[in-house]
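What follows is the residue order along each chain.
There are 2 protein chains.
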Amino acid sequence: MTNLLLYSDTERSATLRHEIPLSIGDPFLFAEVDGAPAVLSNTLERDRIAAVRPGIRIIDYQDVGFRELLESGSPREEMMLEMVSRAVAQLGISEATVDPDFPLAVADRLRADGLALTPDHDTFAQRRRAKSGAELDGIRRAQHAAEAGMAAAAAVLRAATPDGDRLVRGDGTPLMAEHVREALRDACAAHGAPAPPDVIVASVWQGFGHEAGSGPLPAGLPIQIDLWPRDEVTGSWADMTRTFVVGELSDAVRAQEALVTRAFAAARDAARPGITGCELHASACDVFEAAGHRTQRTGPGEDPAEGFQFSLGHGVGLQVHEDPDLGQTGRAPLVAGDVIAIEPGLWERGVGGVRFEDLLLITDDGAQTLTDYPYDLTP
Amino acid sequence: MTNLLLYSDTERSATLRHEIPLSIGDPFLFAEVDGAPAVLSNTLERDRIAAVRPGIRIIDYQDVGFRELLESGSPREEMMLEMVSRAVAQLGISEATVDPDFPLAVADRLRADGLALTPDHDTFAQRRRAKSGAELDGIRRAQHAAEAGMAAAAAVLRAATPDGDRLVRGDGTPLMAEHVREALRDACAAHGAPAPPDVIVASVWQGFGHEAGSGPLPAGLPIQIDLWPRDEVTGSWADMTRTFVVGELSDAVRAQEALVTRAFAAARDAARPGITGCELHASACDVFEAAGHRTQRTGPGEDPAEGFQFSLGHGVGLQVHEDPDLGQTGRAPLVAGDVIAIEPGLWERGVGGVRFEDLLLITDDGAQTLTDYPYDLTP
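Going down the list, the protein sequences come from chains V and A.
Taking UniProt numbering, the leading residue of the first sequence gets 1, the next gets one more, and so forth.
Taking UniProt numbering, the leading residue of the second sequence gets 1, the next gets one more, and so forth.
Bound conformation, chain V alone (with noise of 0.2 Å):
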């Protein structure tokens, strides 16, 4: 059995926020020696630390001559390096694999220690796709907080009208998209889960990629709101998106709805154990390639944004964006218990895109899929 070593803080990592369900702000080493958890801690934290992980070993500073080190006037910096390399040191080990995020100082000291480390993505993605109880408790309450974000969004839209070729709200000003976002994360924050501020409202006057979104909102186009709360107790997502349009429905934006529901469906009736992110990928592929149109996996014509440019979703869990990988690398097979999002969509220059996301608990069988909103382009 390797040994295992991440030293991060909770905040920032999420494969150290698994092991050690807490909120911890500052830096700190975790270690399994033999399967048996190990940290070094401060004072501030033991107590927390020991309360979620019962039976963990806690090697304390005062165990690693803090306060010698601290009387010696060492900069913390180098502290802290003599006080991991004194508790690896206690742990007895002499091999460990790391995250491939570890920090590189860290791993500059203990491998001048005589330690042999090994940065392994696949062994700690493993350990986060086996959620625990309450990751999964977590990312159902950000699920139900992402649907009242939804319906405090659509409720937003619904009140809108057309005024030429924009919306207006009911006291005749532009309905912008700062407007319907306020309203999406007032929501989500309500139900205890937070969405970030650059939260996506846009259509494609708003543009394409990863631009949240800002300024009038158009009438009789496609806007897309894709929004990802984070559950406070545990840390874990969710991530939701649909597509409204308020004013006329043009031909185009039908023949789009119509078939990124067909893709959406082929996905989702996809997933199960066995099946790659890369099949999964290809299956939305299929039905929009059938009809003509490109995808990542023909690769962009003129508009590098035309199509289906992107990849079919990705996991979810303490991280918005984790594995599986669902794209054209995405090798690894689906497991049971994986959490994934799945949001095909198109994109076509002039009128923007129609785009879906639900989140899927990967089950024996199957998949269950975990959000509760409808499809309709109608708010």
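The hints are simulated quantities; they were obtained by calculation from the structure and are not laboratory data.
We put the beta carbon where it would ideally sit given N, CA and C, even for glycine.
Don't take each hint at face value.
[What the hints assert, rightly or not] Simulated restraints, written as ranges between beta carbons of each label pair:
id	chain 1	residue 1	chain 2	residue 2	range
1	V	D286	A	P197	19 to 29 Å
2	A	S72	V	D269	25 to 35 Å
3	V	I58	A	S214	43 to 53 Å
4	A	G65	V	P333	19 to 29 Å
5	A	A50	V	G301	41 to 51 Å
6	A	G337	V	Y375	46 to 56 Å
7	A	A50	V	P300	12 to 22 Å
8	V	G301	A	G65	41 to 51 Å
9	A	P197	V	P300	40 to 50 Å
10	V	D286	A	G25	23 to 33 Å
11	V	P300	A	A112	16 to 26 Å
Given the coordinates of chain V, work out where chain A should sit on it, guided by the hints.
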């Protein structure tokens, strides 16, 4: 001039956020070669990056063989390493300074390519200490939100009344730490700078250290409110603490208040360019030790928490704890432009403690207090 390399996302890496002031959730490569910035970025982010760093060199995924790698079937992690390797080759560098948190997997690959990488804390810490105007504006906004949050907390406490040893609300039910936290977090969020769920509302009943605090609050004992909101626009933080007592003030608490006020003033008055964090910490320790209290400098007595067993504070910016170090290991002299939180306090068994925390901006000849809130123990 040394070259710099960073590889992270801007949510996890404040160092990268300082260079690319945007929220970007997926990791990417940043380089500075002969003072000129460059990034390796995908289509989804390139326009946003170009908008905030005009003139930055953008190496697109397509420029480093994205499609060919996609078709080669290598896992995403290896594909990313290969693209980073090719991008660094295009930059034509043979050595670089990296931050201590530089991911080991990327470092191992670049070193295998022949690149000399040196992790260094100070290089990047210095860059962060020189805050941009936007970052400083963000800190000020977060600080205003903190004051609004503190006022909301004080209002909840003011409305409570002692009932035996605890506080009760108007309806006769116990006042809980959770009630106070909810009020202050709502106020911070309404001011554009949400505070995380683990901000501290705690008395001696709730315990010492980084425990956020839950359950009933006591009458006649100090209740510490320590909150750290983050400005949503810039990602900059503030940090602020006040201590309140509802009910009769004991002599022990009044004595703590008098001493902490003196230690606080001593540290604030000593804050100026040139003084080290260790010296600033000492200015507060001097006051406490002269009155017979233990400090982190003298070491703890029987009770590890008793006295002033922590550092004076810390720098504040894109991280809530960052350089300069204001504890015994604080060797670096302060410089004009530093933003620091000073938070001296005392802790006594059976009583709890009084602590105040303000933000200071170090100026050319002293320090400007950014916090605008009274220190009264009576809310």
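Against the structure, the hints come out as follows:
no., hint, result
1, D286/V - P197/A: 19 to 29 Å, "violated (44 Å)"
2, S72/A - D269/V: 25 to 35 Å, "holds (29 Å)"
3, I58/V - S214/A: 43 to 53 Å, "violated (22 Å)"
4, G65/A - P333/V: 19 to 29 Å, "holds (27 Å)"
5, A50/A - G301/V: 41 to 51 Å, "violated (23 Å)"
6, G337/A - Y375/V: 46 to 56 Å, "holds (52 Å)"
7, A50/A - P300/V: 12 to 22 Å, "holds (19 Å)"
8, G301/V - G65/A: 41 to 51 Å, "violated (19 Å)"
9, P197/A - P300/V: 40 to 50 Å, "holds (42 Å)"
10, D286/V - G25/A: 23 to 33 Å, "holds (29 Å)"
11, P300/V - A112/A: 16 to 26 Å, "violated (32 Å)"
Hints 1, 3, 5, 8 and 11 from the list above are not met by this structure, while the remaining hints are.
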